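Residue numbers (this note's numbering), protein chains in the order written: chain F, 1 to 295; chain D, 1 to 295; chain B, 1 to 295; chain G, 1 to 295; chain X, 1 to 295.
Each statement offered as a hint is correct.
Identical copies go unnamed one by one, so any copy, or any two together, can satisfy a pair.
Straight-line Cα separation of at most 30 Å, DSSO-like style, residue types lysine-lysine; simulated pairs: (1) Lys114 / Lys287; (2) Lys110 / Lys161; (3) Lys161 / Lys288; (4) Lys281 / Lys223; (5) Lys173 / Lys281; (6) Lys110 / Lys288; (7) Lys287 / Lys89; (8) Lys89 / Lys281; (9) Lys89 / Lys224; (10) Lys24 / Lys281; (11) Lys24 / Lys89; (12) Lys287 / Lys183; (13) Lys180 / Lys161; (14) Lys288 / Lys89; (15) Lys110 / Lys287; (16) Lys183 / Lys288; (17) Lys114 / Lys288; (18) Lys114 / Lys173; (19) Lys110 / Lys183.
None of these hints come from the bench; they were simulated from the model. All of these numbers come straight from a predicted model, not from anything done at the bench.
Here is what each chain is made of, one letter per residue.
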Amino acid sequence: MIGYNPKEWFTFLFHLHKSDTIRKLSPLLLGIAAYSGIIAVLEVEVFRLSDNNHLKNIPLMHSLLGFAISMLLVFRTNTAYDRWWEGRKLWGALVNNSRNLSIKLATILKEDDKANRTFFSSSIPFYAYSLLNHLQQESTKTALFDEDDHGHLIATIDQGKHIPNQVAAQLFKRVHSLHKQGKITGEELIVLNAELQSFTDICGACERIKNTPIPFSYSVFIKKFIFFYVMTLPFGFVFSMGYYVIPVVTFVFYVLASLELVAEEIEDPFGIDANDLPMEKIATNIKKHVQEILH
Amino acid sequence: MIGYNPKEWFTFLFHLHKSDTIRKLSPLLLGIAAYSGIIAVLEVEVFRLSDNNHLKNIPLMHSLLGFAISMLLVFRTNTAYDRWWEGRKLWGALVNNSRNLSIKLATILKEDDKANRTFFSSSIPFYAYSLLNHLQQESTKTALFDEDDHGHLIATIDQGKHIPNQVAAQLFKRVHSLHKQGKITGEELIVLNAELQSFTDICGACERIKNTPIPFSYSVFIKKFIFFYVMTLPFGFVFSMGYYVIPVVTFVFYVLASLELVAEEIEDPFGIDANDLPMEKIATNIKKHVQEILH
Amino acid sequence: MIGYNPKEWFTFLFHLHKSDTIRKLSPLLLGIAAYSGIIAVLEVEVFRLSDNNHLKNIPLMHSLLGFAISMLLVFRTNTAYDRWWEGRKLWGALVNNSRNLSIKLATILKEDDKANRTFFSSSIPFYAYSLLNHLQQESTKTALFDEDDHGHLIATIDQGKHIPNQVAAQLFKRVHSLHKQGKITGEELIVLNAELQSFTDICGACERIKNTPIPFSYSVFIKKFIFFYVMTLPFGFVFSMGYYVIPVVTFVFYVLASLELVAEEIEDPFGIDANDLPMEKIATNIKKHVQEILH
Amino acid sequence: MIGYNPKEWFTFLFHLHKSDTIRKLSPLLLGIAAYSGIIAVLEVEVFRLSDNNHLKNIPLMHSLLGFAISMLLVFRTNTAYDRWWEGRKLWGALVNNSRNLSIKLATILKEDDKANRTFFSSSIPFYAYSLLNHLQQESTKTALFDEDDHGHLIATIDQGKHIPNQVAAQLFKRVHSLHKQGKITGEELIVLNAELQSFTDICGACERIKNTPIPFSYSVFIKKFIFFYVMTLPFGFVFSMGYYVIPVVTFVFYVLASLELVAEEIEDPFGIDANDLPMEKIATNIKKHVQEILH
Amino acid sequence: MIGYNPKEWFTFLFHLHKSDTIRKLSPLLLGIAAYSGIIAVLEVEVFRLSDNNHLKNIPLMHSLLGFAISMLLVFRTNTAYDRWWEGRKLWGALVNNSRNLSIKLATILKEDDKANRTFFSSSIPFYAYSLLNHLQQESTKTALFDEDDHGHLIATIDQGKHIPNQVAAQLFKRVHSLHKQGKITGEELIVLNAELQSFTDICGACERIKNTPIPFSYSVFIKKFIFFYVMTLPFGFVFSMGYYVIPVVTFVFYVLASLELVAEEIEDPFGIDANDLPMEKIATNIKKHVQEILH
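Whole structure, please, built from the sequences with the hints as guidance.
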């Protein structure tokens, strides 16, 4: 994640960050500019189309569909942002969970019970690290892929055991054996249960976000729509704008494609893109706080 | 579900997937193109309407209503996606649930209590499979249909017993009898209760999504609105676009109808369409993980 | 509720269902058509207004306000659908609740305890039926009406006792007396509590949806806005469309009024309109499943 | 709250309810009409501006910003409605809570324990009344005002003690002392706890809605935006509409200002405006039902 | 937070509050006005561009993109407002929590147990103050910043220990030791647990809002889009508006930039801007109410 101060407008406007969409789109933007230029040359110089040519009125279609394309992109933006924010909430819940479990255990376990204190002060942060590794594995992303279409991809991945599940089971076992030994009472077991089962709920929810992108049909439809929309734009605009059609069409494409591009990047918040969640940082914070509490 | 990498634009643009809306709509698209062509021929060649004919200004209506139709389609898209995503969340909850119950039982049950361990390691995944079968049965979809209108349909379906309920009851009975035998304490019963009752809640919520499409009135109104909107489009556009009206009207129809078509497909996420949830895969994963934990 | 297959486009387009908005609006549509015709005759034949008349440009106002009216209608559609869907969720929760309570009681109660089994297998579904009757009574809808304005209406209704509350109290009493008799342990009481109190929560939430329509001010403002918007539409459109103004204005009114009409119908999902929830069906399903479990 | 039947269109259209925005805005509407008239006279009669004057094209700005203003008003409408509906849900939760607590206590308390039964059957509804009074006090609204700016206002208000808190504490104390006396078991205490703490949660949430309007900056920005938007509208419209500019600009202002006005009214649902929640009625219903149950 | 009466329109319109966006934007507004003026002089006086120049039609692009920019700003407004409102809800939950914990402890602790009563009546409000200080520290905001980019910033901040965690741990320890002493029963421990763990959940959620602004890519894209949109506006508008382009372009910029500016301010509700949450006030209220209850 990139930290930033949202109030520094000038930095934003004239600084090209390495994750800026202009950079990423630059080859496509040049392509679109060239394409618009060719259309303009053809219409103006080669065919010398008169102002009465019906091509002139094609932009009527673009304004009719302007609503639809904007709304689709906002739908895309909203759903991508919702996933990103849900991912952030889940990791926030992991922080709360780890802290609450530590605070409870720090109270329940005797001050001199070093063995158990050490066990939990290393196991609780370890859950965060194991989840982080789990989410960045390719196999997590492709867990729901159809084997017929993607068999070659899945075959090369050693699926192994589910690590976070093993860690959660260890935590639960230790608490349970402390209960059997009488170090944790029945009421305390109930009080600890919420945090213990929440680890697995958080892991499952992160996996859901990771392995389920928005439906294929929307993704493909939005891309096709943007493409045809922009590709047909210069035909009519050349009549009213001449060669200015080159920057104008390029700018329209920049806006539409940027929205799709950013949405693609943030809809999976557990990767290593510039906008993805700083899971490493959060896991380190969990470690720091848990050890502060359960020293 | 179709796995895909959202960043491969070129594949998306020029590859016609078998679930692509262009394919499904192709007969209708050809029909609309032909219809537009006929209107164009009639207005230009047959009646030779002058530029002062009032038909020319019909598109004023289309821009006025352009807002309304776009927003309706976004409403449709949002509600369909919400159902799909809620369905995915429910199956995610089923995964979490199955894992948590297994982790708890793996701890509570003695290591050598093979009988009960085997019972749960086969019953818990079985719930997922029974839910999957239940949701794909036609009778689940039509459970709330009005018998007066659909009697013939319902009569032919053997409603049978509700299988997931039976499985859930078996799970509950086993846990309860272990409690009676003293193998599960009172506090552990409370701790296990959350997962046990959640199975039935998930099943009920999936049934709700399955048997309650968006209100009939919206569905029919949106389709009628799109149809009349597109059918009246060529009348005015012929004046400004001539024969270009054919691709233009076809493209507008393609956009509007695609949105409706994709929404129809994903609003019931428990079918076997290309965009539907990979319930089979998820159930297999549940089986794998439960057996890993409760070996 | 009307069951339907959303993929049968042709049926939708050319079949006029008895709840179709075209049918319901037909007198108004004819009225609007006549009104537009009269305006057209007056402007074209009687006053023979020239093309320079300022009335021609009134539609500028209609495009400015086109955004506002569309968004208002989408706000209306969204809130109405949210109520309908919340109502459906509540009845879904009632199903889950009834099933879970039955599963738990089927396990806790002895196999041969016919008396209690019969009591619950008839009382649990009875709650659904009593809620259904309660929600369809006029007195439930008017429970929050101001007596000053609506005194005559309320006076004629025998408010009686609140039946669902009585049923819930009976259920709670029986469970409690079983607890006193030692047939239900303390932990089991806690486990049963969630379902028992959820009945009353569901009932209260249904009453809220039933007796609180969207604020009066919005309802009246939307209707006035649609009315004035459509009534002023023909003045300017006659200049550009001549007599075509008749179908055009009628179609615009059809779209706007249909959205409002459908919203009105579904915002109270507990009535007997064609789009309302099939509470009768759901109650029957609850009965069937509860008896299957608690035989 | 005003009860109404949403299907009586004619009543809505031609009846001017006392809370109708037309009434409230009438002085402003007359002012705007006069202002538009003066602009029209100046442009047409006094300065006799020619059709080439650049003022003619000012409306281009109004269409560009038409999107923005409509969306802002919908944002305003949505947030105001969400608060209103959240307020309604909170009072609905109060109803459910009071009923559930009564049902539980009616079961737990002995039939002949008149003292405690009477205590609860008067204290539970009393909470609703105390909350109602609390929410309608000016001091509740201004609880978070900055003393520097509003010191004079706050100084004149006797803040007193927080009554609902005292009532909740009394309820909790009585339940606790019954537990100490052995009339309520430990499990029953847990079962009653949910309702007891929910009273205070509801109170706090109502206070939040009451004392936190939408951020000052939005409120002031929306009003300024509407004002300048409408004030600059006649300059350009006079060229195309002549004196028709008077009703047109007035109608545009009526629409925009009505949306803001209704939002202002409903964003604080705990007042005594016509659209506010019928808290008095709800409290009376709570009293009626609690006494029915805990007779 | 600024208290205000939303119904005083005239005050709003003509009073320039110190947090008004017009004030903050004034240098930029002057800059945009000057820029537009220069473009106008160049086009009209220097180059004397004819009406056929293609620059005239550039505004076609602005209307096409008008949808997109408005929707983006509404997306921005909605997400910023959601964070602000979530922050307010969290502090509301802190109020409810503190009150409920006090009410419960006031009942459970003996009247004459002054030591513990005093401990809780000072510790509970102290949590609110410690959270307030914690949230206003710079280190909280930058907790997730990437050290490579921001190392110099983070190095200068003494991260210290996490104070709210320490306070929560103290509260939990005291309750637990009272349980060990038999002053709090097992059931009461369960009843108190909800409030105790909620403190840490609230703290974690506030930290999440504080240290995670909306993704960098959106923030930078929105600013760039507004900038280029406004900067290209005068080129075409000079043809139709002449020197009126100066106020028009300035007003358009004022509207778009204000929306972004207010969103920036409220998306972090825990600062000391004029629209930020009155945490100081809320903490004081908590103190007042807790001491009223736990005197």
